Amino acid sequence: EAGVTQFPSHSVIEKGQTVTLRCDPISGHDNLYWYRRVMGKEIKFLLHFVKESKQDESGMPNNRFLAERTGGTYSTLKVQPAELEDSGVYFCASSQGPGLGTDTQYFGPGTRLTVL
Amino acid sequence: QKEVEQNSGPLSVPEGAIASLNCTYSDRGSQSFFWYRQYSGKSPELIMSIYSNGDKEDGRFTAQLNKASQYVSLLIRDSQPSDSATYLCAVRATNAGKSTFGDGTTLTVKP
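Chains as they are written, first to last, in the working numbering: chain A, 895 to 1010; chain B, 1006 to 1116.
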C-alpha cells in the first residue's frame, strides 16, 4: 500500500510568487491534514479535511493560504503571494478513522519550501 | 507557555542504555498522546500512542502517562544507534484530529 505522497519535495521561489503544494493521501483515507514546521519551531497544524469538507481550518495563518480537496482525494495548498516567513517544511498526513483523537495519522515526507 | 513542552536535548546515551524522553502539556482537555520518531529529512513516524494513565509497553519502548501531572514520557530500553533521531511528542483532544506537537528532542545513541 502506498503511503502519503507529497509533491514537490522541494520548492524555491521568490517572495511574491505563487506556489502550489500537492498531497495524495493513503487510498481510502477520508481525513487529510496539513501541518508545517518553520525553522526552529514545532510542527504546527494548519487544517483538517474530512473528504472534501474543511473540518477545522483554525491553524491557517492568513488568507494568503488556500487549501482545497476537490473530490475528496488529493489536496492542494496554495500560497499566494508567498512571503519570507512562509519558508519551512509542509507536511501532509492522512487517517482512516472518524477524524478523532485516537486515529493514527500517517505523515508524508513533506515539501520543503524556501522563499527568497 | 508552549502547549506541549519537551526536554530540550540534545540527549546522548551509550548503546544499551535507557533513554528517557519527557513531555508536559498544558491543555487538560487533551486525551490522546503520541510519540513520533523522525529521522533527518524524513516524515514523522508514529511509534507509540497512549490514552490511559499508566504504562504501555511495545517491545523496547514504554510510554507512561500521568494526566493529573499532565506528563507523558517515553522510555527506550537497550538503546541502539538506529534509535538516533528526533522524538516528537504530540497531543490531541478526544474529539479533534488536530495534533499539537512539541519541539522535539534529538536523541543520539553512541556505539
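No wet-lab data here; the hints were simulated from the structure. Certain hints may be false.
Label pairs and their computed distance ranges (CB to CB) [stated by the list, open to error]:
1. Thr998/A to Gly1059/B: 43 to 53 Å
2. Gly966/A to Gly1021/B: 25 to 35 Å
3. Lys1047/B to Thr996/A: 47 to 57 Å
4. Pro902/A to Gly1021/B: 12 to 22 Å
5. Thr964/A to Gly1021/B: 18 to 28 Å
6. Leu978/A to Glu1062/B: 37 to 47 Å
7. Thr912/A to Ser1045/B: 46 to 56 Å
8. Lys1047/B to Pro955/A: 35 to 45 Å
9. Gly1064/B to Met933/A: 31 to 41 Å
10. Asp1063/B to Lys972/A: 31 to 41 Å
11. Lys1047/B to Lys948/A: 38 to 48 Å
12. Gly897/A to Ser1045/B: 17 to 27 Å
13. Glu951/A to Asp1083/B: 23 to 33 Å
Okay, the calculated bits of chain B under chain A, using three or more residues with CB under 8 Å as the criterion [unchecked claim]:
14. 1012-1025
15. 1073-1082
16. 1097-1103
Only pairs whose alpha carbons sit at most 20 Å apart, straight line, appear in this in silico EDC-like list of lysine to aspartate or glutamate [as the list claims (entries may be wrong)]:
17. Lys938/A to Glu1020/B
18. Lys948/A to Glu979/A
19. Lys938/A to Glu1050/B
20. Lys938/A to Asp1088/B
21. Lys972/A to Glu962/A
22. Lys1047/B to Asp924/A
23. Lys938/A to Glu1008/B
24. Lys938/A to Asp1108/B
25. Lys1007/B to Glu936/A
26. Lys935/A to Asp1060/B
27. Lys935/A to Glu1008/B
28. Lys1047/B to Glu936/A
29. Lys935/A to Glu1062/B
30. Lys935/A to Asp1083/B
Just so we're clear, the structure is a prediction, and the values are computed from it rather than from any experiment. Don't be surprised by glycine CBs; every beta carbon is placed ideally from N, CA and C.
Tested hints:
1. Thr998/A to Gly1059/B: 43 to 53 Å: violated (20 Å)
2. Gly966/A to Gly1021/B: 25 to 35 Å: violated (48 Å)
3. Lys1047/B to Thr996/A: 47 to 57 Å: Violated: the Cβ-Cβ distance is about 24 Å, outside 47 to 57 Å.
4. Pro902/A to Gly1021/B: 12 to 22 Å: violated (41 Å)
5. Thr964/A to Gly1021/B: 18 to 28 Å: Violated, since Thr964/A and Gly1021/B (Cβ atoms, about 52 Å apart) do not stay within the stated range.
6. Leu978/A to Glu1062/B: 37 to 47 Å: Hint holds: Cβ distance 45 Å, inside 37 to 47 Å.
7. Thr912/A to Ser1045/B: 46 to 56 Å: violated (29 Å)
8. Lys1047/B to Pro955/A: 35 to 45 Å: violated (25 Å)
9. Gly1064/B to Met933/A: 31 to 41 Å: Since Gly1064/B and Met933/A have Cβ atoms about 33 Å apart, the given range 31 to 41 Å holds.
10. Asp1063/B to Lys972/A: 31 to 41 Å: holds (39 Å)
11. Lys1047/B to Lys948/A: 38 to 48 Å: At roughly 28 Å between Cβ atoms, Lys948/A and Lys1047/B fall outside 38 to 48 Å, so the hint is violated.
12. Gly897/A to Ser1045/B: 17 to 27 Å: Given range 17 to 27 Å: holds, Cβ gap about 18 Å.
13. Glu951/A to Asp1083/B: 23 to 33 Å: violated (43 Å)
14. 1012-1025: violated (count 0)
15. 1073-1082: Our answer is that it is violated, as 0 residues pass the Cβ test (under 8 Å) against chain A, missing three.
16. 1097-1103: Three-residue rule met by the region 1097-1103 of chain B, so holds; n is 7.
17. Lys938/A to Glu1020/B: The given pair, whose Cα atoms are some 32 Å apart, is violated under the 20 Å limit.
18. Lys948/A to Glu979/A: violated (24 Å)
19. Lys938/A to Glu1050/B: holds (16 Å)
20. Lys938/A to Asp1088/B: The hint is violated at about 24 Å.
21. Lys972/A to Glu962/A: OK: Lys972/A and Glu962/A at ~8 Å, within 20 Å.
22. Lys1047/B to Asp924/A: With Cα atoms ~23 Å apart, Lys1047/B and Asp924/A exceed 20 Å; violated.
23. Lys938/A to Glu1008/B: At roughly 11 Å apart (the allowed maximum being 20 Å), Glu1008/B and Lys938/A satisfy the hint.
24. Lys938/A to Asp1108/B: holds (10 Å)
25. Lys1007/B to Glu936/A: holds (10 Å)
26. Lys935/A to Asp1060/B: This hinted pair is violated, its Cα atoms lying about 29 Å apart.
27. Lys935/A to Glu1008/B: OK: Lys935/A and Glu1008/B at ~13 Å, within 20 Å.
28. Lys1047/B to Glu936/A: holds (15 Å)
29. Lys935/A to Glu1062/B: Measuring from Cα to Cα gives roughly 30 Å; hence the hint is violated.
30. Lys935/A to Asp1083/B: violated (30 Å)
Comparing the model with each numbered hint stated earlier shows that hints 1, 2, 3, 4, 5, 7, 8, 11, 13, 14, 15, 17, 18, 20, 22, 26, 29, 30 do not hold.
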